[in-house]
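Based on the provided sequences and hints, a complete structural model is requested.
Those protein sequences? They're chains X and Z, same order as listed.
When we follow my numbering, the leftmost residue of the first sequence carries the number 8, and every step to the right adds one.
When we follow my numbering, the leftmost residue of the second sequence carries the number 713, and every step to the right adds one.
Worth flagging that the hints you see were computed from the coordinates, not collected in a lab.
All values derive from a computational prediction rather than experimental measurement.
We put the beta carbon where it would ideally sit given N, CA and C, even for glycine.
Treat each hint with caution, since some may be false.
[Unchecked claim] Computed spacing ranges between beta-carbons, pair by pair: (1) Z:P733 - X:R467: 30 to 36 Å; (2) X:R254 - Z:T1406: 32 to 38 Å; (3) Z:L1021 - X:R254: 53 to 59 Å; (4) X:D313 - Z:L1379: 50 to 56 Å; (5) X:A133 - Z:K1399: 39 to 45 Å; (6) Z:K806 - X:A133: 39 to 45 Å; (7) Z:K1399 - X:R332: 25 to 31 Å; (8) Z:G1202 - X:T64: 43 to 49 Å; (9) Z:K806 - X:Q101: 44 to 50 Å; (10) Z:H1046 - X:G438: 23 to 29 Å; (11) X:Q101 - Z:D1047: 35 to 41 Å.
[To be verified] Derived list of chain Z stretches under chain X, where covered just means 3 residues or more per stretch with a C-beta under 8 Å from a C-beta of chain X: (12) 1334-1348; (13) 1389-1397; (14) 1510-1517.
These are the residues of each chain, in order.
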Amino acid sequence: MNHEPQNPLLATTRRHFFNRCGMGLGSVALASLMADKAKAVVPKLVNPFAPKGGHATAKAKRVIYLFMAGGPSQLELFDYKPKLVELNGQPIPQSYIEGKRFAFMGSSHGVKCLGTRKHFERRGQAGTWISDMLPYTSGVADDIAVVTTCATNLFNHAPAKLFMNTGSGQFGRPSLGAWATYGIGSEANDLPGFVVLQSGPRGPRGGAVNWGSGFLPTTFQGVPLRGQGEPILNLTSPAGITAARQRRTLDAVRDLNLQRLVATGDDEINTRISAYEMAYRMQSSAPELIDISGESKATLDLYGVDPAKPSFARNCLLARRLIERGTRFVQLYHTNWDSHGGPGETLEDDFPKVVKDVDQGCAALVKDLKARGLLEDTLVIWGGEFGRTPMGENRDKTGRNHHIDAFSMWFAGGGIKGGQTVGETDELGFGVAHDRCHVHDLHATILHLLGLDHLKLTFRFQGRDYRLTDVHGELIHKLLA
Amino acid sequence: MKLNAAIGTLAASAAALVAAPVDYVREIQPLLAQNCYQCHGATQPKHGLRLDTAALALKGGQAGPAIKPGKSSDSLLVQVISGTHKDLARMPYKKPPLSAAQIALVRRWIDEGAKAPANEVPGSKAHWAFVAPKRPAVPTIGNRQSAIAHPIDAFIRARLAKEKLTPSPEADRPTLIRRLSLDLLGLPPKPADVDAFVNDQSPDAYEKLVERLLASPHYGERWGRWWLDVARYADSNGYSIDAPRTIWRYRDWVIAALNRDLPFDQFTIEQLAGDMLPNATMEQKVATGFHRNTQINQEGGIDKEQFRLESVVDRVNTTGAAWLGLTVGCMQCHDHKFDPLLQKEYYGLFAMLNNQDEPDLPLVSADQAKHVAEIEARVAGYIADLFKKDAGIVDRELKWETSMTPEQRQAMPQLWREVFDVPPTQRTDAQKLVMVTSYVEHAAENKTHQAAIKKFRAEKPKVETTMVMREAAKARRTYLHIKGDFTRDGGDVKAHFPSALHPFKGVADREPNRLDLAHWLVDEANPLTARVVVNRVWQQYFGKGLVDTENDFGTQGSLPSHPELLDWLAVEFQKPSGSSRGNEAPSEKAASQSLLTSAATRPWSLKGLHRLIVTSATYRQSSAVRADLQRVDANNKLLARQNRLRLDAEIVRDVGLTASGLLTPTLGGPSVYPPIPENAMALGQRKQPWPTSTGPDRFRRGLYTFYYRATPPPSMNVFDAPDGYSTCTRRIRSNTPLQALALLNDTAYVEFAEGLATRVLKEVPANDTTRLEHAFRLCLARKPSATEATRLGELLKAETASVTDAEVKAVKAPAGVEPKQFAAWTTVARVLLNLDEAITRE
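Now the structure itself:
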């Protein structure tokens, strides 16, 4: 992990400076100054984003994480429980809930079984159980591995999101995407290595901390790419500043910074020069990235994208475009999956809308990546911060409470054995019958696929070597191809 | 690696040259603590071997004695750390080996007889940082003609001399005044102040400047923000909903306390337990906002006790980091793996921070408070009357309630939301009344009632509140949380202090409380607080602390680079000497005398500490990188030069504000809303309001920008401002393209560039060279070099030539400024404000 590769950005800057910027007296004088002083103090420059080798061979080079914010109901989508349907309306046996804690304990939390009203069928060659709500996802059943036995520790949204992203309910830890880019760098030259996209009625609870870098350098935090307005904050040059003027501005900044570099010998100035050059390239690469007018009609139809409207499907397409350009980790948040049964969050009326929001885009992403040969080394992850209880909730309409003991996620692509269901829940879908996959295990496995050993990927902070998986984490071998 | 080996060899040879006997306590024990105790300490030592005292090492384990005094080559310890033992694996097991210099040191200690104090206590109680510092003698260095007068310089230079290194020359005056202004005030100097300082021939010109800056009220802003990082200050509740909160009075208290140089011990006591002081003043209560900067989870369906306990956990951890420099957070779940701290002791501290109510303190006089209460009683009476007499009101309320969206519910006050979650049929009359109140006050159909209520409240004086602590009359029970899980009760824990640290001298007839905790932290027997604070102040000036793990003074932390200097500073901070320090040569007498008189300050004076550090020659050195140092001390641990430091996020903004002349220098008040990019607030659960300030508040210093934890202001966030989620004892300094985009394109910075352009055109008569120099100095204090001036001149020419007629028409030039010039100069201003040097303290 201690590679310090020759920095390509620095090389570019120097070349650019000597070859193309040899105009004007100042620059010439500067060039001779550089030649003298550069010998005395040779600034070495480490590009923190330069691609790095991991601990082992990587099966996946990049990740697209479809985060279903709010906690989707696995019992309506992937975890088929006929027994629960049979017991519908009856109190869940006490043995299941003895000593357990839930959200809304003092108010609407319910104890009566709620059987799903959705129709389930076995899909694909593998016969994966998927409900009728997901017609598109059903079409890629043989590419995805559904894990029905995911488990987490925290049952309120913001803390649980933090836990799913950082492996801890405490603030100040780096997120999975930050660990990944810290571990293996990024192949993107003019876009951030870790990008976050968002769709749905609101932002995810907790905001920036979900893609934060914690105690890792801020360089590794996720950069939000926005659906409306400027894709990246402050990307657009101010009104009245033409591209030529922006370039002249940057040239002057670079030349003066180089003079200061010569005067002080401080490496940081080199990094600053590189950062300005990358910022300039981002000003054209980011608009190019979000301009999907060059995508074929077939592609747009595959995703179901209306080019004029921000949507989850559009973000799926952008995710593909991002990884094509070398971005290492893309995380898509879609809200709101919080189906308690109150107004705006019922299982009958509102849940199907959210499902419909994402189904086509998710499946299209898998298909599109596969068609382009990208799926084999891109890991796709689908899931929320927790699932929902087998019991219904006492609200106006049908809903389910937050549930952490067993919920479903799916994985596809790089290094994943698709067309299978990992784990099994008990007959009511409350707990795990076998193959419990805790968040720490998921994290260990994701890092493993990226060629990183979760025991070795550490960062020293407060006198301790921190890991994403803390002192836990077992590889989920059944998931691996 | 080569470099390390080189340093190792150098260090070894330098050590050999000095030939002073190896000091076990200072040099060997910390080495063993850091590398060996984990397996060979007091708990479950591997193979029966303990190395936590020299006597135990001599006794040895299953493989025999670890050391043979006088015979290093025969000593097991040396054989295993060098990896030469034929059977045993190289130690530390599966960890990087000790350096050649460290091994040489251990050998020398053994060869010199393995001397160690006889009274060594097993367990790592004797860890250097757990032993209270004693004032070390200041090294004598230099000859009679040029002796080193300043104690800091004496320590630093003694060490440099050991390594045969020379310090760097003093930075030039423009650099010095800019450095000092940025470090003490967080603002760049005005060109006139630079001139005055450059031209001041008096021998104490520098000292006078220091005094002037320390007396500026902006000092409290700059160093207030330093403390607010530790306090995890922000203007919102965090977690999911992240609603705004009002606690800026606490921020203003910090600024004012630092400006009047409230001694650090009192500063500590008032923040931790100001409410418990006899006859506590309003200000002392406001100070307790320190521990109210924890998050509040307003998400629906939570167990409130769980999140109250989370905030107590945060308070214990923050207290541990801020004052003790210890990672006490580890003990929340288990005994500390490395330091002699027990899980039970964590809950002993927890118990002292577990007994407070957490109210909003109305900042009103008693009369005002009475008046407000009367008005609210009238409102309550009015609504109670409706509840009694209007039979249909409960049903109407229920109808209204069900029509609300979840977002609308979330926006209601906590008390109301709690009742929302109770099914209507189960509600008590009191709860129904609560809901009717909510309904009457909010539902659109109740306009008449609302008008009546508004009339009552029209007479109400406007009451500011701030969040504070208030000790509860009845103590809460504290219990050990098994594995940190509050649902697993591990039995009662009484309030008590960790046994590895100094004993508490207070009362014995009751359990210690929060006020006792505060006194214990600043007790002069506390080995940690003064060192930890001095180290964090040092860190601001040099980029790194003398202990570079500023948040871990435990056995796993780094050893101090200059242990005697750290201890000297810590003692001087607590008990300023004020008396002659000796060693002054006659030639330096005058300067050092003025230093001494002003430095003879009160105990625990932060201003005194700042004065002490910034008057040292070490601080005043040039920061230019030196090829000779790069080879032997690339990280500049020995401080043979200063370090260039990128400015903190808020100060990056303040530099632009000052250079442009737009700064509104008002101190304190509610947080403000300078322009931020569109959609910046859209990424949290709730899109928070951002009523962009117009007028003077648009141009306030960075520390007054309203700070939502979940959606922090982008230009603060990209420059590494802490997120306010947990205590921050050191900021990271990243260097990213997003910073470039912020400085180039953010509306705020466009306004700064325009302001700077306007100012230069108005303040300087029509002469491009003079104007360029003025603009340059406004941003960087110094004058441009010939090549810099030429390059800027080229830019100005090219820009002037390229401005089109259409652009001239489009430009919004201020009155009296020619549009074409304005456009060209705005580009020049943008360049200057984007320079690395502009956002760097040289």
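Verification of the supplied hints:
no., hint, verdict
1, Z:P733 - X:R467: 30 to 36 Å, "33 Å, holds"
2, X:R254 - Z:T1406: 32 to 38 Å, "33 Å, holds"
3, Z:L1021 - X:R254: 53 to 59 Å, "56 Å, holds"
4, X:D313 - Z:L1379: 50 to 56 Å, "52 Å, holds"
5, X:A133 - Z:K1399: 39 to 45 Å, "42 Å, holds"
6, Z:K806 - X:A133: 39 to 45 Å, "42 Å, holds"
7, Z:K1399 - X:R332: 25 to 31 Å, "29 Å, holds"
8, Z:G1202 - X:T64: 43 to 49 Å, "45 Å, holds"
9, Z:K806 - X:Q101: 44 to 50 Å, "48 Å, holds"
10, Z:H1046 - X:G438: 23 to 29 Å, "27 Å, holds"
11, X:Q101 - Z:D1047: 35 to 41 Å, "37 Å, holds"
12, 1334-1348, "holds (count 6)"
13, 1389-1397, "holds (count 8)"
14, 1510-1517, "holds (count 3)"
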